[in-house]
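Novice: The task is simple: from the sequences and hints, build the whole structure.
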Amino acid sequence: MRPPLNCNGIGRRSFLQLGFGALGGLSFTQLLQQRALAARSGIASPKAKATNCILIWLDGGPSHYETFDPKPDAPADIRGEFKSIPTSVPGVHFCEMLPRLAKNAHKFAVVRSICHKDPNHGGGNHYLMTGAPTPVPVGCGAFVSFHPSMGSVVSKERGVRGGVPAYVSLPSMSRSGGPHFLGSQHAPFVIGGDPNQAGFRVRDVTLPADISEGRAHSRLALRSSLDRMERIQESIAEDPLTGFDQSYQQGLSLLSSEKAQAAFDLSKEPDSVRDSYGRNDFGQRLLLARRLAEVGVSFSVAQWGGWDHHRGIFKTFKDGTADRLDQGLSGLLNDLEQRGMLDSTLVLCLGEFGRTPKVNKDAGRDHWPGAMSVFMAGAGIPGGIIVGATDPKGYYASDNVYSPEDFASSVYTKLGIDPHQVLHAPGGRPVQLINGGKLIKELFA
Amino acid sequence: MSHSHNRRTPHRWNPHRTVSARLPENRRANRALDTRSPPAAFRTTTVIVVANPCLFTTIAFTPLAVKPHTPSQLRRALFPAGFVALFLTSSAFAADSASKVSFLNEIMPLLAKAGCSSGGCHAKPEGQNNFKLSIFGYDPKADHREIAADGRGRRLSFAAPQQSLLLLKATAAIPHEGGARWTVDSETYRTVLTWIRQGAPFDPPDGPRLQHIAVEPRNPQLAPTQDAQLKVTATYTDGAKRDVTNLALFTSNDKDLATVSDHGLLSASERRGEAVVVVNYMGAVDVVRPVVPPAKRLQQRDFAPFPVHNHLDSLVHQRLEKIGVLPSGTCSDAEFLRRSALDTIGRLPTTEEARSFLADTAADKRLRWIDTLLADPAYADHWAVKWGDLIRPNPSRVGVKPVFLLDQWLRDAFARNMPYDAMARALLTAQGSSHQLGPVALIRDKRDPLDASSFVSQIFLGVRLECARCHHHPSEKWSQEDHQQLAACFSKLRSRGQGISAPISGEAELWWYDSSARGLLHPDTSAPITPKAPDGPEFPLRAGIDPRTDLLDWMVRPDNPFFARAVVNRVWGEFFGKGIVDPVDDFRASNPPSNPELLDWLAADFIAHRFDLKHLMRTMLASAAYQRSSLPNASNLDDQRNFARSLRRRLPAEVLLDAVCDLTGVRESLAGLPPDARAAQAWNHKLPSEFMDAFGRPNASLECPCERERKPTVVQSLHLMHASALQTKLASPTGRAARWAASKQEPQDLVNDIYLAAFARHPTAEETAAASAHLAAPAADSPARKEAVQDLVWALINTAEFVFNH
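Protein sequence lines correspond, in order, to chains A and B. Residues 15 to 459 (this note's numbering) make up the first sequence, in order. Residues -8 to 797 (this note's numbering) make up the second sequence, in order.
Be aware that a few hints might be false.
If you only want the chain B side, here are some residues facing chain A, beta carbon under 7 Å, derived [as the list claims (entries may be wrong)]:
hint, residue
1, K115
2, G118
3, D629
4, L709
5, Q718
6, A786
7, T790
Keep in mind that the hints were calculated from the coordinates and are not lab data. For each residue, glycine too, the CB sits at the ideal point set by N, CA and C.
Specialist: Structure, rendered in structure tokens:
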């Protein structure tokens, strides 16, 4: 209910205020005060313990055979070139290309029984990134958005914490990783570039190369003395400058938060830690994601493209792809564990689907949504479990079969978000966050 | 279901009685029914007994397990229970239909009112817990089948109607996620129970159908916090009328002003103004507009201080007078100059334009400036961007060349001020090669006639028929037939060539009208669908006449209710920040114009001036309504719908980027465009640009690419603060900052020039003092002076005054 209006006229000055000194303008001293405050308070907000999520997206669809669901007893044209190896969990075998993960198998869960029916990249990405299938079939090259992504929903639920955005995507936004009707303020904050490069900087979050900190402060001081357009203070007037001031303020907080700034700077990390993730763009992105989770980023997506192995899958795996995945994922897992962060960090690794059982004529595997393997760790997920199974040849999920809706419901529940809430699209159309969807119960044991 | 049972059912369907008046009689009816309940032995529905005399209780479970003994048993065995009932009632007992509970007219409304068939519950695309209803009950036959027959017939128990799953769930007698929707002693319960006892029939084909509803009172006048009871009367095809107030759904468009209870009780809040209440009953819609009049009646003389430039202003004032709102004053010359330039041609006034306009003392200078703007070459680019948002297909789908050609066609059309009716005709009736004629890209993209229907209705008629593609619009009259018949106008086309071949569609495609083309067939009956305009005439197919031509002839008729209003409203939205109907492409009874007289007059004037867009824009730009201050007064503070003040708007991505480029004197280099091109000349939303991504471009990959996000984001503020591309522009040795720094002008004169360039105004004394102190500190032409100028320009770009049109 809006407050009743005084129709006899209220003084103009009572709801107008010069921009000077208003929220939008922040003096140099204010900035310093804020910075000091930010440093003192750190991220010790009540919500700091909330579970964060790092989602590793292997774009193109990783083969389940060559990762977590090898089929050593299947015919050669199905099992492929690689052998399976035992893991730290008795009776569980992974592909031999993931030796480090095999040693750490007791620390994470693999769901072998998530499946769906969309064999296109566009549709598969949408289904797993949002928990909703596309309402119409979409082409393979499609970047479609019919439903808010999980990251955007988390952003809406959590908001900005410690001056950092809630939802970050590296190095680009995943196809369907957008906010849809939640609005662009819940789009991912994209950190492009290669963090393995020596001069890596996060665009727009650090000062341009030739701008010193002192000059930046003097600019801000000048701006705050010149940003004089009148703000309409009464919220009932819905002045869009309010939103502008708020987002400018958020930008300034991000700059003034030493912790946030430090999080973007990988050079602060000891070499031993950087090495443990692998000195490559993927490994360093995972390290960056961990640093972001530490300062309050609620949901990070680390994208790795090129997993669409229609040809030469074995050669590609041997040429470093498997090694990078093995090292990066194990490095992240162990680092989170050593820092005591694993309980409050949900780690997911998946793509849009699995790959065809029969190796094709180009020594590749094609799209196959009938089966896929999803890596899940942290946030109280029991380690060393294999959820569900595929049939003996790996064609279809056969035991304890789960849907992408079940997957998304479980992720939301782990993050403390009700997956069955109803959102409202512009115009008031009610939208189920997740349509149906039961929990993957094994993850909550 | 037994024959005699049907016959003895008391007369129930009497639309002349109101819901409340029916109560006692129904109680009697139920008692009477109870005495005829099936023997207790057959109440258990889970037992399947072959050749049971009460066969109908088991058929629906396992029809094939039943061994038929008599012809009527055979008939029952072949059909699920619901169909048996349908069959019986529609043949032998049609005469008795009046004595039955009507599925269409009673059961469906109850399910809707209880929320069962809402989008969040059983009408979700996948249903809820395996029970699926059509959304808002748009498909009664499917719903009947779902309730009476599907789910292996377990939802209804004819042997023990009270044990029907439908009733047990709805009363939460057994666990129901949706909780209890009604109680055992409710009227609703009894009605459903009676219907089940009658065999859960579907209505006979000749039974009465709902024709329309009417709500009284039409425009209730309320005092603050006062209540008023609405009454909804349904009229049926047999002429019967019935009070359906308790079954209708009510939605207030302004719940801060007025709320409506489930039973139609309207309650005003403490505020004043006008609300719109949409009343929906089984797809029929009516709208009432409750008014809480202003405490103090305004008189015409209260408007004396506010100028009236043209008839548009009179119409706006009439509306403001009615709702007791006074307009804000007139904006300054500088505000008008900057606002009108950004709105009309998408660029800042130059320093020289600003200087001379501000110095001009002639009374008609604003009118002359409007003519200057409308003659500016940038006009075509600016409006081509806007129309590109609306109609530009995804180049990855239809090909780069067709999209480029369409873009060039649009720019040319606006440059020549092509009349809007001719533009629409050329765009929508195009035939030929996609690689020669721009508009062919549209039909190449909307190659499915159903897509063309959604597109044409939303973009050119302002009506979102797309919703009707899947279901009857929840608060609107449009049906799937409307959508399909409009689609049929685009179905007599043939194409030859590559088709759509992702990712590039590189080859040309030829499109032409062919009267022998198969046309659109009805998905259920496969009968040809006759082309028809929404709410308009049918266009019977005739050889040699492309039905698209018929459609366009209808669209451009002076009495067309949609075409001119849609575009006039769209252009209004661009200049005033909000449509008279808002969203601008969502005309419907439940979203009425804030000022219908204004919209009607603008449309009539537009038609009278031969669809001349520049005439339309001149009328708007010249009005006092457009030239108002953006600062509110006490009476219009909370009003954004009646154009009592100018609404502030963030500059769109292209306009803001061009403004930054103009102010820094350094162009952005965009792939696929000449080096000196402006962002407004980008012909493709996918050209890489960090700046435009940050500030929002239409995403051709989204379902509706035409929406532009105007909400501010932290990404935008960070980009304005720190983009290295901006710093490169500021520091460019050939840029304006370098020239200003090298200038021998006095600091205060420099500041004046920079303010004219950025804000189209002179700085205040305070601003001059602050900014020139900043510039004067370092010596002229020193490196420090360069940095000081850069910092000043940076600071201005980062203000709200720069980023917003105000």
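Novice: Determine for every hint whether it applies to the structure shown.
Specialist: Here is how each hint holds up against the structure:
1. K115: Holds, because the Cβ-Cβ distance from B/K115 to chain A comes to roughly 6 Å (cut-off 7 Å).
2. G118: B/G118 check fails; min Cβ-Cβ to chain A is 9 Å, beyond 7 Å.
3. D629: holds, 4 Å
4. L709: It holds, given that the least Cβ distance between B/L709 and chain A is near 4 Å, below 7 Å.
5. Q718: holds, 4 Å
6. A786: Since the shortest Cβ distance to chain A is 4 Å, the answer is holds.
7. T790: holds, 4 Å
Checked against the numbered hints given earlier, the structure breaks only hint 2 and satisfies all the rest.
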